[in-house]
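> In numbering that gives the first Met the number 0, the protein residues as written are 0 to 264.
Derived from the structure by calculation, the hints contain no laboratory data. Don't be surprised by glycine CBs; every beta carbon is placed ideally from N, CA and C. Hints may contain errors.
[What the hints assert, rightly or not] Across the chosen pairs, the derived CB separations fall in these ranges: (1) K111 / A32: 24 to 34 angstroms; (2) M250 / R170: 12 to 22 angstroms; (3) S189 / S28: 14 to 24 angstroms; (4) K66 / G224: 15 to 25 angstroms; (5) G57 / G224: 24 to 34 angstroms.
[To be verified] List time: in silico DSSO-like cross-link candidates among lysine-lysine, alpha-carbon distance up to 30 angstroms: (6) K62 / K72; (7) K72 / K210; (8) K210 / K62; (9) K89 / K176; (10) K74 / K150; (11) K2 / K244; (12) K136 / K66; (13) K89 / K72; (14) K89 / K133; (15) K176 / K207; (16) K89 / K43; (17) K2 / K89; (18) K44 / K110; (19) K62 / K110.
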Amino acid sequence: MNKVILLMTASVSTRGMRGGCFSNEERESMYVATLAYYIEHILKKDQYRQIVFAENSGWNIEKLKAKLPIFDKNKIEFVSLNPDEFDISKGKGFNEMLMINKVLEISEFLKKSSYFFKVTGRYPIYNLNYFLEKADKILGYQGFDMYCDIKDHRLYDWFMPGWNGHSFECRLFGVKKNFYQIEIAPLYSSCNDYNGSFMEDVMFAFVKTCKGNIKLRFKREAHLGGVEGSDSTALSFSKNQDSWKGNMKRMIGNFIRIFLPFFYF
(Lines of atoms letter the chains of each structure in order from A and count residues from 1; the text may use other names and numbers.)
(Lines give C-alpha, C1' and ligand atoms only; values in the text may rest on other atoms or scores of the structure.)
Protein backbone atom coordinates (compact mmCIF):
# COMPACT_ATOMS: atom_id res chain seq x y z
CA MET A 1 0.00 0.00 0.00
CA ASN A 2 1.49 3.35 -1.12
CA LYS A 3 0.89 5.64 1.84
CA VAL A 4 2.19 9.13 2.42
CA ILE A 5 5.72 9.12 3.84
CA LEU A 6 6.18 11.28 6.94
CA LEU A 7 9.22 13.53 6.43
CA MET A 8 10.61 15.05 9.63
CA THR A 9 13.12 17.88 9.15
CA ALA A 10 15.68 18.46 11.89
CA SER A 11 18.60 20.73 12.75
CA VAL A 12 19.72 19.63 16.19
CA SER A 13 22.51 22.21 16.36
CA THR A 14 21.64 25.75 15.27
CA ARG A 15 25.37 26.31 14.56
CA GLY A 16 24.98 29.91 15.70
CA MET A 17 22.06 30.79 13.42
CA ARG A 18 20.44 34.05 14.49
CA GLY A 19 16.98 33.66 16.04
CA GLY A 20 17.47 30.07 17.15
CA CYS A 21 16.64 29.06 20.70
CA PHE A 22 17.70 26.38 23.19
CA SER A 23 20.98 24.55 23.64
CA ASN A 24 21.97 21.70 21.35
CA GLU A 25 21.27 19.20 24.13
CA GLU A 26 17.81 20.68 24.76
CA ARG A 27 17.03 20.54 21.06
CA GLU A 28 18.20 16.93 20.82
CA SER A 29 15.91 15.94 23.68
CA MET A 30 12.99 17.62 21.88
CA TYR A 31 13.64 15.70 18.67
CA VAL A 32 13.97 12.45 20.62
CA ALA A 33 10.70 13.08 22.46
CA THR A 34 8.87 13.91 19.23
CA LEU A 35 10.17 10.89 17.36
CA ALA A 36 9.38 8.66 20.34
CA TYR A 37 5.81 10.01 20.31
CA TYR A 38 5.44 9.20 16.61
CA ILE A 39 6.88 5.71 17.08
CA GLU A 40 4.24 5.01 19.72
CA HIS A 41 1.24 6.81 18.21
CA ILE A 42 1.79 6.52 14.46
CA LEU A 43 4.11 3.64 13.54
CA LYS A 44 2.65 1.19 16.05
CA LYS A 45 -0.88 1.99 14.89
CA ASP A 46 -0.27 1.84 11.13
CA GLN A 47 1.82 -1.02 9.77
CA TYR A 48 2.24 0.71 6.39
CA ARG A 49 3.40 4.15 7.56
CA GLN A 50 7.08 5.09 7.31
CA ILE A 51 9.15 8.01 8.58
CA VAL A 52 12.16 9.75 7.08
CA PHE A 53 14.13 11.71 9.69
CA ALA A 54 16.45 14.19 7.93
CA GLU A 55 19.12 16.10 9.88
CA ASN A 56 21.43 18.78 8.46
CA SER A 57 23.59 20.13 11.29
CA GLY A 58 26.12 17.30 11.49
CA TRP A 59 24.74 15.99 14.79
CA ASN A 60 25.61 12.43 15.79
CA ILE A 61 22.51 10.55 14.65
CA GLU A 62 23.65 7.31 16.29
CA LYS A 63 23.68 9.11 19.63
CA LEU A 64 20.14 10.32 19.02
CA LYS A 65 18.91 6.89 17.90
CA ALA A 66 20.31 5.29 21.06
CA LYS A 67 17.89 7.39 23.13
CA LEU A 68 14.78 6.22 21.27
CA PRO A 69 12.46 3.41 22.34
CA ILE A 70 12.68 0.16 20.37
CA PHE A 71 11.42 0.65 16.82
CA ASP A 72 11.16 -1.27 13.56
CA LYS A 73 14.22 -0.29 11.52
CA ASN A 74 12.24 -0.91 8.33
CA LYS A 75 9.90 1.92 9.25
CA ILE A 76 12.33 4.77 10.01
CA GLU A 77 15.06 5.99 7.69
CA PHE A 78 17.65 8.39 9.12
CA VAL A 79 19.32 10.73 6.63
CA SER A 80 22.33 12.82 7.69
CA LEU A 81 23.12 15.70 5.35
CA ASN A 82 26.45 17.52 5.11
CA PRO A 83 26.14 20.82 7.05
CA ASP A 84 28.72 22.43 4.75
CA GLU A 85 26.14 22.34 1.96
CA PHE A 86 23.87 24.72 3.87
CA ASP A 87 24.10 28.47 4.51
CA ILE A 88 23.06 29.58 8.00
CA SER A 89 23.50 33.22 6.97
CA LYS A 90 20.18 32.94 5.09
CA GLY A 91 18.14 31.58 7.97
CA LYS A 92 15.70 28.75 8.56
CA GLY A 93 13.47 28.84 5.45
CA PHE A 94 16.30 28.70 2.90
CA ASN A 95 17.93 25.79 4.68
CA GLU A 96 14.74 23.86 5.36
CA MET A 97 13.68 23.97 1.71
CA LEU A 98 17.20 23.05 0.61
CA MET A 99 17.13 20.15 3.08
CA ILE A 100 13.91 18.83 1.55
CA ASN A 101 15.44 19.11 -1.93
CA LYS A 102 18.49 17.13 -0.92
CA VAL A 103 16.71 14.41 1.04
CA LEU A 104 14.36 13.79 -1.89
CA GLU A 105 17.43 12.94 -3.97
CA ILE A 106 18.91 10.36 -1.59
CA SER A 107 16.19 8.89 0.65
CA GLU A 108 15.44 5.27 -0.24
CA PHE A 109 11.96 5.52 1.30
CA LEU A 110 11.09 8.65 -0.67
CA LYS A 111 12.40 7.19 -3.93
CA LYS A 112 9.69 4.54 -3.66
CA SER A 113 6.86 6.91 -2.74
CA SER A 114 4.80 9.28 -4.87
CA TYR A 115 4.11 11.79 -2.11
CA PHE A 116 5.20 12.88 1.35
CA PHE A 117 3.94 14.87 4.33
CA LYS A 118 6.53 17.21 5.79
CA VAL A 119 6.51 18.20 9.46
CA THR A 120 8.87 20.20 11.61
CA GLY A 121 10.60 17.56 13.70
CA ARG A 122 11.33 19.41 16.94
CA TYR A 123 7.87 19.28 18.52
CA PRO A 124 5.00 16.80 18.20
CA ILE A 125 1.72 17.28 16.39
CA TYR A 126 -0.68 15.34 18.57
CA ASN A 127 -3.36 14.94 15.90
CA LEU A 128 -0.90 14.18 13.09
CA ASN A 129 -2.66 10.90 12.25
CA TYR A 130 -5.68 12.94 11.17
CA PHE A 131 -3.58 14.89 8.66
CA LEU A 132 -1.72 11.83 7.39
CA GLU A 133 -4.96 9.98 6.72
CA LYS A 134 -6.39 13.04 4.96
CA ALA A 135 -3.21 13.32 2.89
CA ASP A 136 -3.51 9.66 1.85
CA LYS A 137 -6.94 10.43 0.40
CA ILE A 138 -6.34 13.93 -0.97
CA LEU A 139 -2.97 13.26 -2.62
CA GLY A 140 -3.62 9.63 -3.47
CA TYR A 141 -7.25 8.95 -4.30
CA GLN A 142 -8.41 12.50 -5.06
CA GLY A 143 -5.35 13.40 -7.10
CA PHE A 144 -4.45 16.80 -5.62
CA ASP A 145 -0.88 18.01 -6.07
CA MET A 146 -0.64 19.56 -2.62
CA TYR A 147 -2.48 19.51 0.71
CA CYS A 148 -1.62 22.54 2.81
CA ASP A 149 -2.94 25.41 4.89
CA ILE A 150 -2.80 29.18 4.53
CA LYS A 151 -3.94 32.28 6.35
CA ASP A 152 -5.49 34.80 3.98
CA HIS A 153 -7.51 37.58 5.60
CA ARG A 154 -7.30 41.36 6.09
CA LEU A 155 -8.10 41.68 9.79
CA TYR A 156 -4.46 42.25 10.65
CA ASP A 157 -4.11 44.73 7.78
CA TRP A 158 -6.95 46.77 9.26
CA PHE A 159 -6.50 46.37 13.00
CA MET A 160 -3.01 45.01 13.73
CA PRO A 161 -0.47 46.63 11.39
CA GLY A 162 2.74 44.63 11.30
CA TRP A 163 1.02 41.27 11.82
CA ASN A 164 0.82 38.97 8.82
CA GLY A 165 -2.62 37.71 7.79
CA HIS A 166 -1.38 36.21 4.52
CA SER A 167 1.00 33.30 5.02
CA PHE A 168 1.64 29.62 4.32
CA GLU A 169 1.75 27.07 7.17
CA CYS A 170 5.30 25.74 6.83
CA ARG A 171 5.25 23.43 9.82
CA LEU A 172 3.16 20.78 8.08
CA PHE A 173 2.05 20.15 4.52
CA GLY A 174 1.63 17.25 2.11
CA VAL A 175 2.70 17.23 -1.53
CA LYS A 176 3.25 14.98 -4.52
CA LYS A 177 6.96 14.37 -4.93
CA ASN A 178 7.14 15.20 -8.63
CA PHE A 179 5.14 18.39 -8.14
CA TYR A 180 7.47 19.46 -5.36
CA GLN A 181 10.64 18.74 -7.31
CA ILE A 182 9.47 20.55 -10.44
CA GLU A 183 7.47 23.47 -9.06
CA ILE A 184 8.61 24.10 -5.48
CA ALA A 185 12.22 22.95 -5.15
CA PRO A 186 13.70 25.99 -6.98
CA LEU A 187 12.00 28.41 -4.56
CA TYR A 188 14.55 27.80 -1.80
CA SER A 189 16.86 30.38 -3.39
CA SER A 190 14.19 33.07 -2.88
CA CYS A 191 14.20 32.58 0.91
CA ASN A 192 16.30 34.70 3.24
CA ASP A 193 14.99 35.31 6.75
CA TYR A 194 17.32 38.25 7.26
CA ASN A 195 16.10 40.34 4.34
CA GLY A 196 12.42 39.59 4.99
CA SER A 197 11.96 36.80 2.44
CA PHE A 198 10.45 34.18 4.75
CA MET A 199 9.47 30.71 3.60
CA GLU A 200 5.91 31.44 4.79
CA ASP A 201 5.69 34.36 2.34
CA VAL A 202 7.50 32.70 -0.56
CA MET A 203 5.27 29.64 -0.36
CA PHE A 204 2.12 31.74 0.09
CA ALA A 205 2.87 33.64 -3.12
CA PHE A 206 3.49 30.35 -4.90
CA VAL A 207 0.27 28.56 -3.90
CA LYS A 208 -1.82 31.65 -4.67
CA THR A 209 -0.50 31.98 -8.21
CA CYS A 210 0.50 28.52 -9.42
CA LYS A 211 -1.76 26.41 -11.63
CA GLY A 212 -1.42 23.19 -9.65
CA ASN A 213 -4.35 21.37 -8.08
CA ILE A 214 -3.88 22.51 -4.48
CA LYS A 215 -6.01 22.00 -1.38
CA LEU A 216 -5.40 25.30 0.43
CA ARG A 217 -7.10 24.72 3.75
CA PHE A 218 -7.07 22.14 6.54
CA LYS A 219 -10.46 21.41 8.08
CA ARG A 220 -8.91 21.13 11.53
CA GLU A 221 -6.27 23.00 13.50
CA ALA A 222 -3.01 21.19 14.13
CA HIS A 223 -2.57 20.36 17.83
CA LEU A 224 1.04 21.36 18.34
CA GLY A 225 3.02 20.46 21.43
CA GLY A 226 6.36 21.70 22.66
CA VAL A 227 7.75 25.22 22.77
CA GLU A 228 8.24 27.62 19.88
CA GLY A 229 11.86 27.97 18.86
CA SER A 230 11.94 31.46 17.37
CA ASP A 231 11.74 34.96 18.77
CA SER A 232 8.58 35.85 16.85
CA THR A 233 5.39 36.88 18.64
CA ALA A 234 2.65 34.25 18.58
CA LEU A 235 -1.02 35.14 18.26
CA SER A 236 -1.64 33.05 21.36
CA PHE A 237 0.89 35.22 23.26
CA SER A 238 2.45 32.03 24.57
CA LYS A 239 5.56 30.22 23.39
CA ASN A 240 4.22 27.05 25.03
CA GLN A 241 2.09 25.75 22.17
CA ASP A 242 0.02 23.44 24.38
CA SER A 243 -0.73 26.09 27.01
CA TRP A 244 -4.30 27.09 27.86
CA LYS A 245 -3.85 30.12 25.60
CA GLY A 246 -2.66 27.90 22.77
CA ASN A 247 -5.57 25.52 23.36
CA MET A 248 -8.04 28.42 23.33
CA LYS A 249 -6.60 29.67 20.04
CA ARG A 250 -6.93 26.17 18.58
CA MET A 251 -10.54 25.87 19.76
CA ILE A 252 -11.45 29.19 18.13
CA GLY A 253 -9.59 28.15 14.99
CA ASN A 254 -11.52 24.88 14.78
CA PHE A 255 -14.82 26.75 15.21
CA ILE A 256 -13.92 29.05 12.32
CA ARG A 257 -12.82 26.16 10.10
CA ILE A 258 -16.09 24.28 10.71
CA PHE A 259 -18.65 27.10 10.67
CA LEU A 260 -16.86 29.79 8.60
CA PRO A 261 -14.83 27.73 6.12
CA PHE A 262 -14.55 30.68 3.72
CA PHE A 263 -12.67 32.76 6.34
CA TYR A 264 -9.00 31.78 6.13
CA PHE A 265 -7.98 32.99 9.60
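> Against this structure, judge whether each hint is valid.
Right, here's what the structure says about each hint:
{"no.": "1", "hint": "K111 / A32: 24 to 34 angstroms", "in the structure": "holds (28 angstroms)"}
{"no.": "2", "hint": "M250 / R170: 12 to 22 angstroms", "in the structure": "holds (19 angstroms)"}
{"no.": "3", "hint": "S189 / S28: 14 to 24 angstroms", "in the structure": "violated (33 angstroms)"}
{"no.": "4", "hint": "K66 / G224: 15 to 25 angstroms", "in the structure": "holds (18 angstroms)"}
{"no.": "5", "hint": "G57 / G224: 24 to 34 angstroms", "in the structure": "holds (26 angstroms)"}
{"no.": "6", "hint": "K62 / K72", "in the structure": "holds (16 angstroms)"}
{"no.": "7", "hint": "K72 / K210", "in the structure": "violated (39 angstroms)"}
{"no.": "8", "hint": "K210 / K62", "in the structure": "violated (44 angstroms)"}
{"no.": "9", "hint": "K89 / K176", "in the structure": "holds (25 angstroms)"}
{"no.": "10", "hint": "K74 / K150", "in the structure": "violated (33 angstroms)"}
{"no.": "11", "hint": "K2 / K244", "in the structure": "violated (34 angstroms)"}
{"no.": "12", "hint": "K136 / K66", "in the structure": "violated (34 angstroms)"}
{"no.": "13", "hint": "K89 / K72", "in the structure": "violated (34 angstroms)"}
{"no.": "14", "hint": "K89 / K133", "in the structure": "violated (33 angstroms)"}
{"no.": "15", "hint": "K176 / K207", "in the structure": "holds (19 angstroms)"}
{"no.": "16", "hint": "K89 / K43", "in the structure": "violated (38 angstroms)"}
{"no.": "17", "hint": "K2 / K89", "in the structure": "violated (34 angstroms)"}
{"no.": "18", "hint": "K44 / K110", "in the structure": "holds (24 angstroms)"}
{"no.": "19", "hint": "K62 / K110", "in the structure": "holds (26 angstroms)"}
Of the numbered hints listed earlier, those contradicted by the structure are 3, 7, 8, 10, 11, 12, 13, 14, 16 and 17.
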